[in-house]
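Combine both chains into one complex, guided by the hints.
Protein chains in written order, with this note's numbering: chain A, 1 to 177; chain B, 1001 to 1887.
Take these hints with a grain of salt, some might be off.
To be verified - Examples of chain B residues toward chain A, derived with CB under 7 Å: (1) Y1055; (2) V1092; (3) L1211; (4) E1269; (5) S1344.
Rather than coming from a laboratory, the hints here were simulated on the basis of the structure.
All residues carry an ideal CB built from backbone N, CA and C; glycine is no exception.
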Amino acid sequence: MELCPTIKNILLLDSEGKRIAVKYYSDDWPTNAAKEAFEKAVFTKTQKTNARTEAEITMFDNYIVVYKFVQDLHFFVTGGENENEIILATVLQGFFDAVGLLLRGTEDKKEALENLDLILLCLDEIVDGGIILETDANVIAGKVDSHSMDAGAPLSEQTITQALATAREHLTRSLLK
Amino acid sequence: MAQPLVKKDDDRDDEADYSPFLGIEKGAVLQEARVFNDPQLDPRRCSQVITKLLYLLNQGETFTKVEATEVFFAVTKLFQSKDIGLRRMVYVMIKELSPSADEVIIVTSSLMKDMTSKTDMYRANAIRVLCRITDGTLLTQIERYLKQAIVDKNPVVASAALVSGIHLLQTNPEIVKRWSNEVQEAVQSRAALVQFHALALLHQIRQNDRLAVNKLVSSLTKGSVRSPLAQCLLIRYTSQVIRESANNNQAGDRPFYDFLEGCLRHKAEMVIFEAARAITELNGVTSRELTPAITVLQLFLSSSKPVLRFAAVRTLNKVAMTHPVAVTNCNIDMESLISDQNRSIATLAITTLLKTGNESSVDRLMKQITNFMSDIADEFKIVVVEAIRSLCLKFPLKHRSLMNFLSNILREEGGFEYKKAIVDSIVILIRDIPEAKESGLLHLCEFIEDCEFTYLSTQILHFLGIEGPKTSDPSKYIRYIYNRVHLENATVRAGAVSTLAKFGAMVDTLKPRVFVLLRRCLFDNDDEVRDRATLYINTLGGDGAVVETGEDVKEFLFGSLDIPLVNLENSLKNYEPSEESFDINSVPKEVKTQPLAEKKAPGKKPTGLGASPAGPPSTVDAYEKLLSSIPEFANFGKLFKSSAPVELTEAETEYAVNVVKHIFDGHVVFQYNCTNTIPEQLLENVTVIVDASEAEEFAEVASKPLRSLPYDSPGQTFVAFEKPEGVPAVGKFSNMLRFIVKEVDPSTGEAEDDGVEDEYQLEELEVVAADYMLKVGVSNFRNAWETMDADCERVDEYGLGPRESLAEAVNAVINLLGMQPCEGTEVVPNNSRSHTCLLSGVYIGNVKVLVRLQFGLDGPKDVAMKLAVRSEDEAVSDAIHEIVASG
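This is chain B alone, in the form it adopts within the complex (with noise of 0.2 Å):
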């Protein structure tokens, strides 16, 4: 057998599992670390055994506070050794054991001496040491060498103190503060790292002072800043003092744009994209100011380097959400990136796309989508799937292409999340998009043939039983449902068994043919399933026979529960079995907590891959349910509306209110989420008075009290006004809350059993005009507006005055009216001179309006506007003509 050559490889393939620390022990090397104590030392012995402990360290181990002091204090021998290598490994030591304030006095001396010391590493180096472990009454001892140090000739010397400085500046603010003119001087520095250090350190001295900063940022865009880490945050800051002066700036220029621009010419990359980044994200940007940084971007989107690629696309990304037609020029660079290798950049290139795509380039790019699908990870298919359900929301009549892809991709392999974005999103746009009904619903019945997911099963079985007896042929869903009572586990074939029931309650013609398929399902070997069977034959009634269901047996079928399921759990936990039978009408029906009125978490905004607008909120369901199972409050009739929380509470007061508006035909709802923030108290009988005399044409009806707010967990209370029946009413309202505090003792929890009256001034609430109306959007806004009778049509023309933008105009007219903008309309491009606004919803009462908004620029900042409003009932159209008049 030949011997290998290269000897060299061969120790290699040997010692594949070779490491100097392999088997290596704690208890051994602090054993070893006594070498640090021989009188002769030895540097290449002691640095060996220092990295062995940091490897330990590094490994996630941790030392006793025992060992801990003992190496440190054996450590510290170590100054003694001349050898450079030997110390560096000496110093990152003391800093990994971050030694105690008692321990820290025995290297004072020895790092002291080395700050003063000729060689500039030790001096650099005993800096960033002794700045990470001191306390403050050290540092004035040092201080003079720490100002001296910031302008030191040595670039690591003064590096080493200005970060010290950065880092000390959040313990001792008071002394670092004082070493401003050194910082001044070497923000000035020649050497390009000291001079970045220097900048973030005056920075943060001075970042208080607005003027200040002010100041140092023009003073420095006219120079010329070396570095280009300095130069990034010079645009940082230069970018947050346009923020803070946008409002005194309304004329005129953006000031320091020009400085932004020209750094998109600098020669570090680093520095073009910060600058370009700076510009996007400008308040109110114009396309103008927005050309040039979208320009290089779209450079960097052809780059050879993932990373420039992925800069590019994530923030072409989050400016394609506020102006579409900005990026449309990077869409041919942005199609090649979907083959990109780096599928974060792939997925953030289509999700643009989507974006920023028109009605026509649609189906193109489905086809695209279609390839990549297959060799993205689950995380990232779900992302797309979310942006492909908002576009298919934005043109409605893209549906068929648009569902046939999302039934497509739902066939093929994934998991669990990614097949339930799927179907949310099918759901979604059967509720939407009433054209795409049927074709979704079969999708999904295809999709229950072979599904492994029983969650997934039993919700669209559900699904299937409220829509589809409600399609032209309810029959041709029969033999999917029956399939799964054949096939499937216990779970589903229970859903089957309910939903085949609401086909035969639905569908007279059907019954008699369910009831078959129901009888079949009595001789089942799961209980819940030959129970549900029984139940079912027997409230459909009627033999099988063609007949027609009664109400009741409707409402029994499709009816929600009017009791939160937790207090149902609840009671059923608490109930013994005994004579008396579980009586339903003892759960209580409060809703304890209340989700839904969740403040909005202030958490980060989402960017990047997190970025798609979330799915239409499905909370009037839950109101309306809430609403119905108070008895004072049942005979209102059908909800027409519920607003969003209005905050009535500053932030961090000692009790949060928020209203939600509920408006019913002849009636209106004030609904208030409290939140007692005080541990002491314990708060009773909580209402909240309501003074109505600034609305005249209310009155107050009913009050639901709140029983009890314990601290922490929300409640509500509610007050219901009357009003004249159809007629939207508007008015203020001031509010008071009146409670009984207790105090709690925070040991026991237990709160005393006297309480004290007391009330807290709420802020104003008001009912306006929107309030009134709902936001639903059409599918083709043309056909709508021409097939309305042009009679009730109302036009007249209106001056705004003066606005800060058009933008700003178009967003308070939308505002006001509370319709839905329809075909992105709602967009204004930037520097345009004029705008068309199309709007739709349903105005109280239940009638069908249609607005059409032609804005204009008149002068410099006038906004004249044209209203066109065609509607079912000329008087409603008078009613939105008086709504903006009035507003």
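Isolated chain A (complex conformation) (with noise of 0.2 Å):
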């Protein structure tokens, strides 16, 4: 038995299964094509699951699968046969969590994929090379959402350019539709 938890995958995919972003940290699947495969096979079997008010979990292939979903936002974390499923499920839940707070509240694909940055910035925080760093969402999120600059910059002036460059954005869309 693997003595130190270990997370295999964590993979956020769409409604279609699709990725958004996933992260490996095994090399049980060591070409793309076996982690599409992987994918595939994770949402064909779960997608009929109602995962959304608890996680949910299955297993196959000697994978436990722990997964919970939202909107059209699909999140699993992947074990070995013997991990403790409360383990991962403790994992699941602080990235599902984290991401809910990165994402204020409009949890979906489109939100996700315009803040996929931070969410890529999530995973980094949550695993470390398969090793569990953090499963508070509070501090992932925290970690993750530190947007501040550096002592050494001039703090007001960059935080007034970049709402500047947001909200000018918003408007060119708007406008084009």
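So, in structure tokens, the structure goes:
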């Protein structure tokens, strides 16, 4: 038995099983094709289940997969067959809630893609090379969302520029419609 | 038309397909990456470009070496920016690109600067990045900072250093081991996750030092570990220590059990579960130890969280295999899980119930399962079918309801694998439970009336041909078989014709009617069907009169082909059409590869959903076929028993050899399965020289060398001994592998012409009394016992001396006798002071033997046994006592 709890992969797929962000920590899937095959299998196996209020769990090919869905976002965490299911579920819950916090309540595919940088950072903060780094959603989201400048930068100026840039973007989009 | 009031929703509907990455292209993004080189960096823009690059990589896009290098150099420019968000993206990007050693140097100084920065976020991430991409030489330079970081007061920094340490331990163990003082300090950290990471690293540093691990565990189990994850780790380490110290601690309580039990009251579910699971997996766990763990798992069964229910039912399912009684308390909760939304949980619950169920609950259980079967996937159904099959073998009296269940699900919709599992199960039940034969055969007949799988139809027809004629009323099957000739495709029709012919050959009264049917088949539009019909009409002979069929015709119809099909196929392919007709005698009968003796894969033990006992092995037939194809052994008569392969070499030696003992009435044949594991060698003329000086009653009569044994393709050599007929002679044999070794050129695969004779010592082999006993179960032990003549009963008492446990003593006696335990009596309930075990078997000479063993604990460890034997021959009863007395 693996002595240290190990995460094999974390997946965030959309409602058609397409990748939004995925991260593999194990060599069990050496090629992109193998990864896609695994994602497809996981997705088809779970898509009909209702994993919206509580995290659900399944087992296949000697992997344990815990998963939870919200809107068109499908979250998965995979571990080996001997892994403690509840540890896997804790990681899943941490990821799920952290993404919820980062997307500020509008959890759907569009919002996730628009904030893909945050999601990628979030994955980076949860697990490092298969070892669990952090499972508390507030801590994870806090680490990701520290968009402040470091001490040396002209703080006020930067944030105003940013705010303007965001406003401009939204305006252009609505005008172009 | 009214305008929607909610603007935002409108927005969404129109842009349902909107994605910031729509139409993204690698080339264009790489162009965009030029902004990294701008003298005036726009952090926001740069972040977006990095996100796009990461998106591409995440979607499975790959960068060429040149592209990756270019991106890497451009990204390094971004260290100039002070934007934390951007810096974070840079870190992730560098990790994704995994730069080569000469590239790493470029960022080293920037990362080292970040490592000593005042910003915690920089320190933590720089450590993780640097440790990921660095090699050993650089590590010594940064070692000082890493040691500091481990005891950093910011938990994120400390965790980053510790986790990096865990990774680095794989590549640079000697450096990481120097940090153990700091790591030990970090174990005491107040931050939960730092404690977890520090404990993981400390244990990995010390894992080869058993004493140190022992000390670590005993000190921590006393203290309070704060983090649930660290507590889980500690539980795992503790059970490892318990496992390893099991041999030294014979008496008294299990060390650390109290700690595990205490963890069952932890507030974190993951710890409770980890501890419960650890307890159930303890070696030789007693029911007293098991009870608290089962109790918490039982609570989990009714949790609202599917993950908890799954974890609990999966663990209980495993426990049910070894301690079915301990799990029966949970049966009511399990039964309610049959209707669980999560089908994995439901399936595990059912298979657990099937394992723990007793004879009286079978019917009720089957009713519940019937409702459940219609809405689960085929893969789960197969698991259930297999569980039902083993249940039926366990409770043969229940065959009627179980067989009915199988036939019902056979009629429902399902894929090939599922149907095959059902058919296989029915076939096995027919073979093993004589009372189930007639109803089983009829179920199969009904199934082929409407079967869409040609493979299954032909298999069933073949089986019918063998079993059908032996039943009380063979004629009732004819209709089903002949219907196939009308309604099916050519393959099934041909199979049906063969089956008809078998009925005609075996049942003389049916012959005229079969003849009529076969004649009709002469007008079939398929060649094969017509050919078969013609052939059978001629071989059966007698022009359809009620006459007895000749022995050779029966042999032709029922005898098995004594040539390996692979060899026949090869010979037919090599045959060139010419004047000379194909001679079947020219086909070699040697079996080239030996799939039967394949080493059992050391693979994972079947757990969870995959866990189900395999069906009874049918290897005996294959061995019989193999042996009868060797002319030297052909006159030895009927094979009585073949043992399981016994390894004669250690794992991973040059030549791997195992032996199968074939017992005949007056002979014993050793089949040595040899594998040559050296690619540069070809072995020829391989024999085993057997020294039987310690086996006086045996005399070597024949040996069959193996002509050639190339690399990695197993072959067999045989040695045959004569022994007094019907006598269970025992003895020890020492073995020496002798062969001519030839060098092989690995590049061409050609062997040199000259070889050298060589020998290789193998381990000893024993023929023991159990080799003369066939494991044959009886469905009702008491009935069988009563019907046997009490005059042939022999009773005696034996003291077995001090034993580790009652279960161990029971197993030892079962193995010594080599008999089949009946009615599950081989399982000894925990903590029991006495036990009765029922065994049945067939002794050489076809003598039925029943044994009743009564064990009792006499004093703390001493086991006493009362052995009662009944058999059809009192000499055999005495022989059984002799086995025990001398064992």
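Hint by hint, here is what the structure shows:
1. Y1055: 6 Å, holds
2. V1092: 5 Å, holds
3. L1211: 18 Å, violated
4. E1269: Given a least distance of 5 Å, the restraint on B:E1269 holds.
5. S1344: 5 Å, holds
Figure legend: structure checked against the earlier numbered hints; the only hint not met is number 3.
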